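Please model the complete structure; the sequences and the hints are all you need to start from.
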Amino acid sequence: MRGRRGAFKKTKRLFVIATEGAETEPIYFAEFHPGREGGFRLKVLGNPRHKSRPIEVLNRLLDYETRERPGPNTEYWAVIDRDAWNPAELDEVSREIAKRENYHLALSNPCFELWLWLHLKPNRPFFDRHDCQRSLCREWPEFAKGDYDAAMLMPLVPVACERAMAIDEEPEKPWPTEQATQVYRLVERLK
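Per numbering that gives the first Met the number 0, the very first residue in the sequence shown carries number 0; after that it's consecutive.
Hint data in this document are derived by calculation from the structure and do not stem from the laboratory.
Check before you lean on any hint, since a few could be wrong.
In silico DSS-like links for lysine-lysine, alpha-carbon gap of 25 Å or less [to be verified]: (1) K190 - K120; (2) K190 - K172; (3) K11 - K172; (4) K50 - K98; (5) K42 - K11; (6) K50 - K120; (7) K42 - K98; (8) K11 - K190.
Label-pair distances were calculated between CB atoms; the ranges are [as the list claims (entries may be wrong)]: (9) P33 - R137: 29 to 35 Å; (10) R188 - R137: 18 to 24 Å; (11) P33 - I54: 25 to 31 Å.
Just so it is clear, the structure is predicted and the values come from calculations on it, not from any experiment.
Just so it is clear, CB atoms sit at the ideal spot from N, CA and C, and this is done for glycine as well.
The structure is reproduced here in structure tokens:
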């Protein structure tokens with residue numbers, strides 16, 4: 000007598016994240032790894048060669064999809080900073096992402112550190128990414144690029160999402176042209 004086959008197990012949703020930064024963003028998103036019992040899987044693609052142009056971030060996602068073929072239950076997220084990138088580059092990447100099923104852009108203007116700031120404090124105007132990064136370091140002395148405790152931010156994620164939604168005044172636009180961050184869109188999917 001043959002044994003009974005187990006019930007078909009539904010494949011968990013896979014989130015594939017490619018980031019502009021090689022250190023700060025991967026440290027943050029590593030805190031969302033769900034473990035074996037979680038309801039989804041997470042793959043944060045490294046950026047060991049520091050290829051951070053927006054098109055290079057998108058290409059890492061495309062290369063992963065081609066190489067690994069993870070299937071239709073996958074979401075691809077490009078996490079990019081506004082920084083000093085030419086608006087034409089950002090428009091090109093946002094158009095390419097819009098053409099693809101399950102591809103998304105989470106852009107922070109001026110930088111990812113704005114998203115981290117919103118965990119700790121309400122939004123305030125920053126002159127540029129350097130001002131934002133310096134202000135974050137003053138507010139959170141333990142923060143140092145590449146070496147910070149992202150776990151302490153996790154209880155503050157809901158308030159960061161609220162603050163980010165409040166400053167994303169034109170969420171229908173492909174990317175924020177004024178100071179804002181769309182990282183909340185990805186984080187809301189991971190919660």
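Consistency of the hints with the structure:
Simply put, K190 and K120 have alpha-carbon atoms about 21 Å apart, close enough for the 25 Å limit, and the pair holds. Note on K190 and K172: the hinted pairing holds, with a Cα-Cα distance of about 24 Å set against a maximum of 25 Å. Between K11 and K172 the CA atoms are separated by roughly 30 Å; this puts the pair beyond 25 Å, and the hint is violated. Note on K50 and K98: the hinted pairing holds, with a Cα-Cα distance of about 23 Å set against a maximum of 25 Å.
Under the criterion of a C-alpha separation no larger than 25 Å, the hint pairing K42 with K11 is consistent with the structure, at around 13 Å. Between K50 and K120 the CA atoms are separated by roughly 30 Å; this puts the pair beyond 25 Å, and the hint is violated. For the hint pairing K42 with K98, the CA-to-CA distance comes to about 22 Å; that is within 25 Å, so the pair holds. A C-alpha spacing of about 14 Å is found between K11 and K190, which places the hinted pair at or below 25 Å, so the restraint holds.
The hinted window of 29 to 35 Å between P33 and R137 holds, with their beta carbons roughly 33 Å apart. Evaluation of the 18 to 24 Å hint for R188 and R137 yields a failure: the beta carbon distance comes to about 31 Å. Range check, P33 to I54: Cβ separation about 30 Å, and the 25 to 31 Å hint holds.
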